Amino acid sequence: MTTDTNTDTDTVESVDPGLGRVSRLRGAVFRYVTFVASLVGVASLGVLLAYVFWDALGMDSAQPGWYAGFFLLVVAPFVGFVLRARTDAVAGEVALELFATVAGGIQGGFALVVVLDVIAGVDVWLSYFLTTIGPAVAVYLYGRLNRAASWTGLGILATGLLGPVAGTLLIGRIDVVVSGVGAPGIYLLTVTLPAALGVGLLVDRNEDLGDGRWATLALFALGVAGVLAADAVPGVSRSVWQLFVASFAAPTGYVVARNLADQERWSGLAGPGALVVGAGVLLLVDGPLGLVGPSPWFDWQFLTSPPSLTDPSTAGVYAPIVGSVFVIVLVAVFTLFLGVGAALYLEEYAGSSGLRGAVARLVRINISNLAGVPSVVYGLLGLAVFARLIGTGIGTVLTAALTLSLLILPIVIISAREAIAAVPDSQRRASYGMGATRWQTVRNVVLPRSLPGIMTGTILALGRAIGETAPLLMIGVPAFRRDEPTGLFTRTGALPRQVFTWADNPNPEFQYGVLAAGVVTLLVVLLTMNSIAILIRNKYERGDV
Amino acid sequence: MNDARGEMDLSGDRGFQDVRESVYHVVLLACAVVSVLTTIGIVYSLAAPSVAFFAEVSAAEFFTATEFNVNIQPITFGVLPLAFGTIIVTVGAAAVALPLGLLTAIYLSEYADSRTRAVLKPMLEVLAGIPTVVYGYFALVYVTPFLDGVLPVELNTFNVLSASLVMGVMIVPMVSSISEDSMSAVPDTLRQGAYGLGATKFKVSTRVVVPAAVSGIASSYILAISRAVGETMIVVVAAGNLPNFPSGPGDVLPKFFEQTQTMTAAMVEVLTSEIGGGTVAYRSVFAIGLTLFGMTFALNLVSDFVAERYREEYD
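Protein chains in written order, with this note's numbering: chain A, 47 to 591; chain B, 58 to 372.
These are calculated hints, taken from the structure and not from any lab test. Nothing here was measured: the structure is a model prediction, and the numbers come from that model. Possibly wrong hints are sitting among the right ones.
What the hints assert, rightly or not - Each pair of labels, with its calculated beta carbon distance range:
(1) A:Tyr78 <-> B:Tyr367: 29 to 35 Å
(2) B:Gln74 <-> A:Val211: 25 to 31 Å
(3) B:Ala105 <-> A:Thr356: 36 to 42 Å
(4) A:Tyr78 <-> B:Ala105: 31 to 37 Å
(5) A:Asn551 <-> B:Gly206: 53 to 59 Å
(6) A:Val170 <-> B:Leu137: 39 to 45 Å
As the list claims (entries may be wrong) - No more than 20 Å apart at the CA atoms, straight line, and that leaves these computed lysine to aspartate or glutamate pairs for EDC-like:
(7) B:Lys312 <-> B:Asp238
(8) B:Lys178 <-> A:Asp529
(9) B:Lys178 <-> A:Glu464
Stated by the list, open to error - Examples of chain A residues toward chain B, derived with CB under 10 Å:
(10) Trp112
(11) Gly299
(12) Tyr300
(13) Val419
(14) Tyr424
(15) Arg510
From the three backbone atoms N, C-alpha and C, an ideal C-beta is built for every residue, glycine too.
Bound-form chain A, shown alone (with noise of 0.2 Å):
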């Protein structure tokens, strides 16, 4: 052990009585500073993300008494359970659960009829769900029943592969069909239903709740019958509310359900469901009450209608939110499949010895390194080899999809090394003991283990590559479009993109109002997507995944 340790003299000091009380003093001191700092920064951002709250939500124009009303009705019940929740670990955590299951539903909503619904269209959708998505779920459902059967995972594989072409194919002549059936019912079918279904699983597994067969039937049912209430509110298609149907109403049915069943997170329950009803109760009473309530930027519409350089009542942000979730989207496809494949091989795979090992390791120094590359160097790249060397284009969809993708790369590799490296050794051992191969035990000791863990990491990786404008500067995505993309090949706004165009305008209305706006939209898809993750490390942490 090293003692090469400056505390020799502090021996002298503390012998004499009057030294150790200054030492006291100047400890408390020292103390109380290093708290201090380690607030500034959050503290600092906590006041920009309030003024900018604020702003986006059009505070100023309401009146002190519906601020009385605010108050009371939402924000003292919701510091109260906060206070609550300081003791009641239990509360919180279901209260963390509910509040990204329906963020996440919601904007899981959004991300499908964007990507279905808009960009894919339903013929498309119908295609590939025939030929590719279906025969590889139906597999995998195989396998799972009848672990023999050993050439599942190949068999996945090989659909993966064929089943786009088969696809590609297929569209256009299944026109009849789509036409026959219409577009909400091939949802209802290939969306909604698998959905019931898969919750009807999960209550089938949690001994807590009744027969899953009712819970598919009652969202199957929803489905169905909620299509006349859809019908009556404007803007919402019926294909829309199908889509709704499986990401938003499933998820959070099946999670109120669980908490209601279980006594003990109750008081978790308690919180948002007081800020519901003080919400509600509030929106109810202040029209009669003649209280006059903000006038928010940031709203359905502001959401719904293209982006405007000159006139701050009728932007909105609908073709850039549209662009970012296809790049988006792609994204993730991209950096799942490579990231964990890479970072298996490293962990799994790469030899440490001879050739092999050269390798590894020249891999795993360059992937640091990748890590510490600026974003704007990685728009270089994007510009320099996509959109021009290999011809996707400049500022479309595949070289944005592109160029992030290799930007946060590095980022998920990393971190499902981590998780994978976390995986315990003895249970590779038991795996090889009982005759599997490396493949096999890769697939089912590994990876189920460590999926939670590559998940949360690739969850957070998306988050920054949501925010990152640089880049998209570099490979020339337009500084403002009102059209959504339609394809691949199709020049495209962003959400930053756009955020940064509308930063050039010095109009007070754009500044504190707009921009704000679109700010607080990119806030809460992060806001969202980082509880999401952390949900996801909570419950791995504690072992229930």
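Given the coordinates of chain A, work out where chain B should sit on it, guided by the hints.
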């Protein structure tokens, strides 16, 4: 795990299994190779246009001229004013982030109880997760007007000060998390030894833990500086787009209150303006990018070297 599999493996078709194993091996290896291809792609995409650029503009002009001007005659490509902008923004950010990050790390590692740590650490991670364009917006719309009202000096709408303050806040978690890791790695026996000799907690923290973790702290400092050098959106949004080179050493401090243009901001300005591909100005972006890449790469290497070379081993 299940009997069916064990049986299958002993009696199954080895030929098929071998094929399957090697297919997966190759697929996974291909995934790992993508990262090497990325590096090759970066070097290629920076080097090829840079070579063409330096054929037209001499390296001497690029590295010594004190003006960067691609639009108005006489066109000059001096990287010095841009490098100066990058340096003062980085110095400002470091002045905020290095002390705050170190003190945060000391608090987290030595003083905070586990519950405070469980709350504070995720909150610090949030600081690093906010998109930089949002930080730029904060600096431009909220911090600059605030500082303009508080400070006795005339502050430009776009200025170095608010951009670097906000950037400093952003990189605090980078300093604190790496520093805290290396402080936590200092074995408790060292602390106990010092307490046994009668040292106070303050002395243990500052004279034992910090010196023992100095390699990690230094490496975190260098990484944070590298991050600040490569940062783009904060400076593009909040620090302006005018290269600003000081006339002498006494002229440096006022530059904090004026606008500037960093290397990253110049790259953005040239590429988002109406300058087409194939021009000298277009290629200058890649030359600046190469310089930037060289700077950050060198900083990262030094950081790795410091972490390895000066690490205290306690086993």
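These are the hints, each one checked on the structure:
1. A:Tyr78 <-> B:Tyr367: 29 to 35 Å: Given about 31 Å between the Cβ atoms, the range holds.
2. B:Gln74 <-> A:Val211: 25 to 31 Å: For Gln74 (chain B) and Val211 (chain A) the Cβ distance comes to about 27 Å; the hint holds.
3. B:Ala105 <-> A:Thr356: 36 to 42 Å: Given about 41 Å between the Cβ atoms, the range holds.
4. A:Tyr78 <-> B:Ala105: 31 to 37 Å: 56 Å, violated
5. A:Asn551 <-> B:Gly206: 53 to 59 Å: Violated: the Cβ-Cβ distance is about 22 Å, outside 53 to 59 Å.
6. A:Val170 <-> B:Leu137: 39 to 45 Å: 53 Å, violated
7. B:Lys312 <-> B:Asp238: 36 Å, violated
8. B:Lys178 <-> A:Asp529: Given pair Lys178 (chain B), Asp529 (chain A) is violated - Cα atoms ~41 Å apart, limit 20 Å.
9. B:Lys178 <-> A:Glu464: 19 Å, holds
10. Trp112: 24 Å, violated
11. Gly299: Because about 28 Å separates Gly299 (chain A) from the closest Cβ in chain B, which is outside the 10 Å limit, the hint is violated.
12. Tyr300: Violated, because the Cβ-Cβ distance from Tyr300 (chain A) to chain B comes to roughly 26 Å (cut-off 10 Å).
13. Val419: Holds - the Cβ of Val419 (chain A) comes within 10 Å of chain B, reaching about 7 Å at its closest.
14. Tyr424: 8 Å, holds
15. Arg510: Where the cut-off is 10 Å and the nearest Cβ of chain B is about 7 Å from Arg510 (chain A), the hint holds.
Violated hints, listed in ascending order, are 4, 5, 6, 7, 8, 10, 11 and 12; each of the other numbered hints is respected by the structure.
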